[in-house]
Amino acid sequence: MTKTIVVTSGKGGVGKTTTSASIAVGLACRGFKTAVLDFDIGLRNLDLIMGCERRVVYDFVNVIREEASLNQALIRDKHVKDLYILPASQTRDKDALTLEGVGKILEELSKTFDYIVCDSPAGIERGAHLAMYYADKAVIVTNPEVSSVRDSDRILGLLASKTKRAEEGADPISEHLLITRYSPNRVQRGDMLSLEDINDILSVPLLGVIPESQSVLRASNSGDPVIMDAESDAGQAYSDAVARLLGEEVAMRFVSKEKNNWLKRIFRIKEEIA
Amino acid sequence: MTISAKLNKVLHYFKGVDKTASNKLAKERLQIIIAHERNKKGKPDYLVSLQKELIDVIAKYVNINKDDVCVDLDRQDGCSILELNVTLPNAVEVSN
Amino acid sequence: MISAHSKLDETCIQLKASFLNCMVIRVLDKNLAKIQNQIVSLVNSAPNLFIRASVIIDLSGLQSPGDLDIKELKSLIKSHGMFPIGIRGNGEECEQLAEIGGFAIIPGTRDSSVEIDTSNNNANKKEESSHSTKMVTTPIRSGMQVYAKEGDLVVTSHVSSGAELFSTGNIQIYGALRGRALAGVQGNMHARIFCRSLDAELVSIAGYYLTKEDIQSFSTQGDMVQVYLENGELCIKAI
Numbered sequence: 043m044t045k046t047i048v049v050t051s052g053k054g055g056v057g058k059t060t061t062s063a064s065i066a067v068g069l070a071c072r073g074f075k076t077a078v079l080d081f082d083i084g085l086r087n088l089d090l091i092m093g094c095e096r097r098v099v100y101d102f103v104n105v106i107r108e109e110a111s112l113n114q115a116l117i118r119d120k121h122v123k124d125l126y127i128l129p130a131s132q133t134r135d136k137d138a139l140t141l142e143g144v145g146k147i148l149e150e151l152s153k154t155f156d157y158i159v160c161d162s163p164a165g166i167e168r169g170a171h172l173a174m175y176y177a178d179k180a181v182i183v184t185n186p187e188v189s190s191v192r193d194s195d196r197i198l199g200l201l202a203s204k205t206k207r208a209e210e211g212a213d214p215i216s217e218h219l220l221i222t223r224y225s226p227n228r229v230q231r232g233d234m235l236s237l238e239d240i241n242d243i244l245s246v247p248l249l250g251v252i253p254e255s256q257s258v259l260r261a262s263n264s265g266d267p268v269i270m271d272a273e274s275d276a277g278q279a280y281s282d283a284v285a286r287l288l289g290e291e292v293a294m295r296f297v298s299k300e301k302n303n304w305l306k307r308i309f310r311i312k313e314e315i316a
Numbered sequence: 009m010t011i012s013a014k015l016n017k018v019l020h021y022f023k024g025v026d027k028t029a030s031n032k033l034a035k036e037r038l039q040i041i042i043a044h045e046r047n048k049k050g051k052p053d054y055l056v057s058l059q060k061e062l063i064d065v066i067a068k069y070v071n072i073n074k075d076d077v078c079v080d081l082d083r084q085d086g087c088s089i090l091e092l093n094v095t096l097p098n099a100v101e102v103s104n
Numbered sequence: 061m062i063s064a065h066s067k068l069d070e071t072c073i074q075l076k077a078s079f080l081n082c083m084v085i086r087v088l089d090k091n092l093a094k095i096q097n098q099i100v101s102l103v104n105s106a107p108n109l110f111i112r113a114s115v116i117i118d119l120s121g122l123q124s125p126g127d128l129d130i131k132e133l134k135s136l137i138k139s140h141g142m143f144p145i146g147i148r149g150n151g152e153e154c155e156q157l158a159e160i161g162g163f164a165i166i167p168g169t170r171d172s173s174v175e176i177d178t179s180n181n182n183a184n185k186k187e188e189s190s191h192s193t194k195m196v197t198t199p200i201r202s203g204m205q206v207y208a209k210e211g212d213l214v215v216t217s218h219v220s221s222g223a224e225l226f227s228t229g230n231i232q233i234y235g236a237l238r239g240r241a242l243a244g245v246q247g248n249m250h251a252r253i254f255c256r257s258l259d260a261e262l263v264s265i266a267g268y269y270l271t272k273e274d275i276q277s278f279s280t281q282g283d284m285v286q287v288y289l290e291n292g293e294l295c296i297k298a299i
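As they're listed, the protein sequences go chains A, B and C.
Residues are numbered in my numbering as their position in the first sequence, beginning at 1, plus a constant of 42.
Residues are numbered in my numbering as their position in the second sequence, beginning at 1, plus a constant of 8.
Residues are numbered in my numbering as their position in the third sequence, beginning at 1, plus a constant of 60.
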């Protein structure tokens, strides 16, 4: 049974596309045939993060309008086999993506794919609504920061009411919280919301904690999703998150302040943001 | 991390290679993709549909592939030129 | 003969029976200034509830309604967005008022004959045809609105900031209240709000309200509290 996962947040700039890319790569590395779809209307980002921007010929809207077949539009990922990307359209027409059109594409994908990752745009408008509508699982990406937490709460409300499962009274979408840009040092100093604070407000099972890391910027610069950087803390945290998504029990790493190991500090000094 | 990996990391840190490599790569990628997208910006949306319909019409008379038909819009000196390129297969007689 | 005529007629209306769910304004005092004040605070507590709402003016709570300025009352109610559509009450005086105000007369329900003590708010509860509790067991997220029209509202999880709860009766929250809670929205001054932890944006009972700033002056942050109305003022006390 194909599982559709939406990566959403409400707030912009928290790490949805970074997360979608890494989760998609993580699943494909485990042998699952995965498709990752960019639901933004007008602003294309997923192709840059995945490093396939030069191979985009057809996009999401071309497929909906039957100007191209799904096979023609899907781009094969250069990092992992069994991973395919459907880029967003650059059109300005926000009505271009339709509920029926999206439904048809997902149905066609579910014939051959094990996982479909839907990269949602920010906000709660059409693109975000379409990305979450057909989802079975949701990864809610949240920064430990007040407006992000509140927007995530709003999105949780919509996931419970404005989706196919909610409207049909089926089992609700399973919710998973992913906290990104976490800094245990700042939490300890009292400058940043802690995991407990966020849990008090949102009460959603925690999928993972991705630490603030310079490797994320390097990854998007080079077009290689950060999960592929096995040495980086963010990359490892994403690997852990994918494992948990598949049901494995993995201890939460990168959540406590580092002990003062001078050798470690030489290597990590770039990673820590003062 | 293995000892050799750690050493590599130290070398990279002092060489500064790690620091500059990825931003140069980013700049390259952006230059290519933005130039490509700026080129596309002036083109109307209907070009793709136009290409598809032309292929359908031509295919009625001649055996061609989708890649054999190319439609492009150019702007030169304030004048728009619609360019249509059709590559016909070799052993075909086109009746006038 | 009739059938010959009906063949010529075109069907342009249909007669149907319908049940109307309507708000009732039970008048307890003929002083229009006082009525105006209370209506203002009621509407302010839950504006959306009253916009274009049909209301019935119930006069059964007045001993001698004959000298009530019904036209003035009608325009007073209308000026706050509501539409008075009828008068409920028995007797000639009510019928005369209906005539003057241009209202339909709606016969009193069997409930009105049971009421003896007309100034006690408990009588309002008897008027409600059913009293059921609305239960919500999932967290109430920002942007959600829950309205318990007939009775109490019980929430077993937390209420996020940006969420709104309305109830004609009490509101019980077995979690943290960070949003807005409005109890007794149809005038029940005996309604109370209970919550495990009070961090609300606004609390209100029968139109009287306190904002976050006012709540902070009661040093009950984080405790299990109840909010109730006493002598026209809202009180917050730890349980």
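Where hints are given, some of them may not hold.
Said to hold, decoys possible - Computed, partial: chain A to chain C, Cβ under 10 Å: (1) L85; (2) V98; (3) R192; (4) D193; (5) D195; (6) L198; (7) G199; (8) S203; (9) A212; (10) P214; (11) D242; (12) I243; (13) L244; (14) S245; (15) L248; (16) L259.
Rather than coming from a laboratory, the hints here were simulated on the basis of the structure.
Even glycine gets a Cβ: it sits at the ideal position worked out from N, Cα and C.
Status of each hint after checking the structure:
1. L85: This hint is violated: A/L85 lies away from chain C, its Cβ roughly 25 Å from the closest one there, beyond 10 Å.
2. V98: violated, 36 Å
3. R192: With a minimum Cβ separation of about 6 Å from chain C (threshold 10 Å), the hint on A/R192 holds.
4. D193: Holds, because the Cβ-Cβ distance from A/D193 to chain C comes to roughly 8 Å (cut-off 10 Å).
5. D195: holds, 4 Å
6. L198: OK, holds: A/L198 within 10 Å of chain C, min 5 Å.
7. G199: holds, 3 Å
8. S203: holds, 8 Å
9. A212: violated, 15 Å
10. P214: holds, 9 Å
11. D242: This hint holds: A/D242 lies near chain C, its Cβ roughly 8 Å from the closest one there, short of 10 Å.
12. I243: holds, 7 Å
13. L244: holds, 8 Å
14. S245: Holds, because the Cβ-Cβ distance from A/S245 to chain C comes to roughly 6 Å (cut-off 10 Å).
15. L248: violated, 15 Å
16. L259: violated, 31 Å
In the structure shown, a violation is registered for the earlier hints numbered 1, 2, 9, 15 and 16, in ascending order.
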